[in-house]
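Using the sequences and the accompanying hints, generate a full structural model.
Quick mapping for you: the protein sequence lines, in order, are chains A and B. In terms of the numbering used here, the first sequence is residues 364 to 541. In terms of the numbering used here, the second sequence is residues 7 to 252.
Please keep in mind that the hints were generated in silico from the structure rather than gathered at the bench. Possibly wrong hints are sitting among the right ones.
Derived contacts from chain A toward chain B, CB cut-off under 8 Å, selection only [claimed, not checked]:
id, residue
1, G380
2, N389
3, I397
4, A399
5, Q401
6, G403
7, R504
8, S505
9, V522
10, T534
If you want the ones that stay clear, here's a sample from chain B, every Cβ over 10 Å from chain A, calculated [as the list claims (entries may be wrong)]:
id, residue
11, W29
12, E36
13, N51
14, F54
15, K112
16, Y194
17, A196
18, L201
Ideal Cβ placement from N, Cα and C applies to all residues, glycine included.
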Amino acid sequence: MDRFQRITFYILILIAGAAWIILSANTVSQADSIQAPQTGFLAPDFTLKTATGETYTLSGLKGQAVLVNLWATWCPPCRAEMPAIEKMYQEYKSQGFVVLSVNSTVQDNPLDIAPFIEEYGLTFPILLDETGDVTRAYQIRSLPSSYFIDRRGIISEVVIGGPMSEALLRTRIEEALK
Amino acid sequence: MLTAFQNLFAPPRHMILLVVAAWLGLTLAEKRTEQHGITKDDLNNLVFFALLAFIIGGRISYVLQNLAAFTKGPLGIISANPDLFDPTGAVAAGAIAALIYGQRKKLNFWNTLDALTPFLAVLVIGSGLSHLASGTFFGLPTDIPWGIQLWNAQRHPTQIYETLASLLTFGLLWLSKPNPRPGVFFLYFAALTSLSQLIIQAFRADGATLSNGYHQGQIIAWVTLAVCFILLETRLSNKRVMKVTE
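Set out below in structure tokens:
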């Protein structure tokens with residue numbers, strides 16, 4: 364190819380590229396309509412009970428920033444991050460921050476849960492996923508898994524694995540509270 | 007098969023794919039680095055310092071952007087959380103470290119980029135596979151027969167498009183005859199990668215869009231492609247820029 368042919372080729376590619384950008388422009392936002400455990404989607408809704416029988420529904424917490432944290436007592440990083448979650452809960456709850464701590468009871472020993480709560484002095488609600496429905500809805504492959512949900516009910520950040528540090532929790536909570 | 011792959015490399019294990027790609031890419035780049043007038047030691051050292059700066063720079067950039075969170079708990083700066091990371095800052099720090107190393111060792115800029123090209127090309131393949139494993143960079147809902155079930159919808163397999171396009175780019179470059187003009191090899195890679203991103207970004211559902219609906223990623227890819235064409239033409243039309251080792 365000589366210089367003229369090359370430049371013609373470049374220009375044609377760039378014109379075709381510009382046309383493709385215009386043709387593929389898309390204004391549809393899908394975050395408002397589909398529930399999925401991924402950043403940008405509506406958080407999958409659930410209703411669960413605590414060991415003491417109180418019922419919590421995620422969609423009932425719209426207007427507040429929520430951390431859904433899935434865990435099990437046998438999981439070391441889940442244990443390690445609990446003190447930081449409790450500390451952040453105390454620090455931010457007055458600003459509209461809620462923690463829904465979901466024990467994946469379907470893969471845990473229910474008898475270990477109460478001593479666990481006592482050991483770490485947890486004051487946020489501990490929900491029991493006895494049927495595994497929430498574990499499945501959130502497509503959990505690793506524990507702990509944490510979902511930061513903004514005031515509109517949309518997942519603003521997902522953290523798979525742990526333990527989460529206070530700094531990480533702070534940045535993610537402040538983002539969800541915006 | 008896709009589910010098995012996603013289960014095997016579910017986050018945070020998807021990072022393994024990037025590490026393997028980096029190792030494989032560097033091994034392949036080493037095989038041809040002498041052709042570009044860069045020694046294996048220089049290539050390895052450059053990648054080492056760039057990766058080190060990438061990791062440290064990504065953390066520092068994140069800390070600087072969230073200073074308030076870290077002043078309350080400064081120990082968080084050295085926390086093992088990989089999520090405390092800013093990819094843009096990391097890339098900038100890695101590039102600066104590579105530039106400094108290249109300057110100090112008096113490495114030719116274009117020859118160095120050519121030597122790094124196989125490493126970068128394999129890294130892009132690893133990035134596509136890592137996106138597939140983690141479910142990020144997902145596609146728009148569709149009813150095409152090759153759509154994949156992801157995030158509660160049948161979607162364009164954008165991560166597979168990305169992986170195939172980068173495999174094709176790597177194959178074309180690896181099998182192509184060496185060009186005597188430094189920089190052309192790298193610019194072909196950059197142009198082909200930009201072109202594939204320009205096409206694929208149209209099918210992405212999670213990419214940033216401007217208020218008028220245009221995909222930001224496509225616009226960046228188009229501008230990068232235009233810059234690559236200008237630089238390519240400059241390199242190809244300049245008869246004096248022959249390879250140092252030729």
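Going down the list of hints, with the structure as the test:
Interface restraint check: G380(A) against chain B, minimum CB-CB distance 5 Å, threshold 8 Å, status holds. About 5 Å separates the beta-carbon of N389(A) from the nearest beta-carbon of chain B, less than 8 Å, and the hint is met. Interface hint at I397(A): satisfied, since its Cβ lies 6 Å from the closest Cβ of chain B, which is below the 8 Å cut-off. For A399(A), the shortest C-beta to C-beta distance to chain B is roughly 4 Å, which falls under 8 Å, so the interface hint holds.
Taking 8 Å as the C-beta cut-off, the interface hint given for Q401(A) holds, the closest approach to chain B being about 5 Å. For G403(A), the shortest C-beta to C-beta distance to chain B is roughly 6 Å, which falls under 8 Å, so the interface hint holds. The closest approach between the C-beta of R504(A) and any C-beta of chain B is roughly 4 Å, which is under the 8 Å cut-off, so the hint is satisfied. With a cut of 8 Å, the hint placing S505(A) at the interface with chain B holds, because the nearest CB-to-CB distance is about 6 Å.
Annotation: interface hint on V522(A) holds; nearest CB of chain B at approximately 5 Å, less than 8 Å. For T534(A), the interface hint holds, since its Cβ comes within 8 Å of a Cβ in chain B; the closest pair sits about 5 Å apart. For W29(B), the shortest C-beta to C-beta distance to chain A comes to about 22 Å, beyond the 10 Å cut-off, and the non-interface label holds. Here E36(B) stays apart from chain A, with its beta-carbon at least about 32 Å from theirs, past the 10 Å limit.
For N51(B), the shortest C-beta to C-beta distance to chain A comes to about 32 Å, beyond the 10 Å cut-off, and the non-interface label holds. Every beta carbon of chain A lies more than 10 Å from that of F54(B), the smallest distance being close to 26 Å; the non-interface claim holds. Every C-beta of chain A lies more than 10 Å from that of K112(B), the closest at about 32 Å, which supports listing it as non-interface. With a cut of 10 Å on Cβ distances, Y194(B) stays outside the contact zone with chain A, its closest approach being about 13 Å.
Every Cβ of chain A is farther than 10 Å from the Cβ of A196(B); the closest lies at roughly 14 Å, confirming the non-interface assignment. With a minimum CB-CB distance of about 7 Å to chain A, L201(B) fails to clear the 10 Å threshold, and the non-interface call is violated.
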